[in-house]
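Asker: Chains A and B, in that order, give the protein sequences.
In the working numbering, each residue carries its 1-based index in the first sequence increased by 91.
In the working numbering, each residue carries its 1-based index in the second sequence increased by 91.
Wrong hints could be hidden among the right ones.
Heads up, the list lumps identical chains together, so a pair's fine if it works in one copy or across two of them.
Using 30 angstroms as the maximum straight-line C-alpha spacing, the simulated BS3-like pairs for lysine-lysine come out as follows [to be verified]:
id, residue 1, residue 2
1, Lys148, Lys188
2, Lys103, Lys188
3, Lys158, Lys103
4, Lys148, Lys204
5, Lys103, Lys204
6, Lys158, Lys148
7, Lys188, Lys158
8, Lys204, Lys158
9, Lys103, Lys148
10, Lys204, Lys188
No wet-lab data here; the hints were simulated from the structure.
These numbers come from a predicted model, not from an experiment.
There are 2 protein chains.
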Amino acid sequence: MNSLRTGEVAQKLGLSAQTLYFYERIGLIPSPQRSPSGYRLFGDRDVARLSFILRVKALGLSLDEIKEILLLYDGESLTCQAIRDRLQHKVQELDQKIHRLQALRNELAPLVKECQSFLSQPSPDGECSALRDITGIGGNQDA
Amino acid sequence: MNSLRTGEVAQKLGLSAQTLYFYERIGLIPSPQRSPSGYRLFGDRDVARLSFILRVKALGLSLDEIKEILLLYDGESLTCQAIRDRLQHKVQELDQKIHRLQALRNELAPLVKECQSFLSQPSPDGECSALRDITGIGGNQDA
DNA sequence: CTACACCCTATACTTCGGTATAGGGTCAAG
DNA sequence: CTTGACCCTATACCGAAGTATAGGGTGTAG
Ligand SMILES: [Zn+2]
Ligand SMILES: [Zn+2]
Ligand SMILES: [Zn+2]
Ligand SMILES: [Zn+2]
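Let's have the full structure, built from the sequences with the hints guiding it.
Answerer: Following this line, the structure appears as structure tokens:
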């Protein structure tokens, strides 16, 4: 029975009003009721749905993935299995992303070390090997 | 003395011509010489610069970060220290990103496990606790 | 009545690293 | 001379998740 206006919901959930419009536009939430003058009135269910969205978003799911889950929910076919499949898929994606980033990190880190040791103990030829490795050119040079 | 046309450079480096135009537009590479009829003619230095860009991009630096380095290079102030600072900064950013993703992963994984064990051995009340945790609502429900 | 806070819609803009398209020019072979 | 491969510019578009702005309506307090 209690209904909140856009600004109140935004305040409560830490969103902007624009974000609420946006979620409505992309079909993540249904268009809420309106007051006679056209103001949105969000009921408890609307707010609960938004809370769910934010909770799951914080777990790292994209709005599209959340929308998929909510479609199942709306169709009353949101099962344990469906959730499990999606979360598992997401975990795998996260693992892949983590591995890729670690691979990059492990290529970058040695170069830093190399530069570091060169800075503390320059070799006689005056050129850091990491700098040379990266540029593939050597230090500065013209034409 | 040998100069390549756009398509040849693109072919050689595994880029599209559009990408070359794009790099030129954003100032990553200088506008190369032109033939009398207006065709781009990339010299050895141009190709070397592009190779550098691709090499460093493969290390995970953004085009903006690469541009910064190239500006130093163009100003002949590309030092070991400058490179080291940038790479170190990047490594730190990668570390942060990795940690964030791992935190997400570690929040998600237990939920998958919970659903998994519920699927193999449903509890009497017919509701998976992970499903309840996530939705904050329980299974399906209306108004 | 008027100021002000709040609300509405529609549209454009943001970042990033390009890709796609439209509409035209150049050049060598046949 | 025409065909076809190549080149040019300018512009729009992609995904993701919004943010910003313009231009207007509503509701209440003084
Ligand atoms: Zn996926
Ligand atoms: Zn160095
Ligand atoms: Zn940074
Ligand atoms: Zn479950």
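Asker: Which numbered conditions among the earlier hints are violated in the structure presented, ordered from lowest to highest?
Answerer: 5
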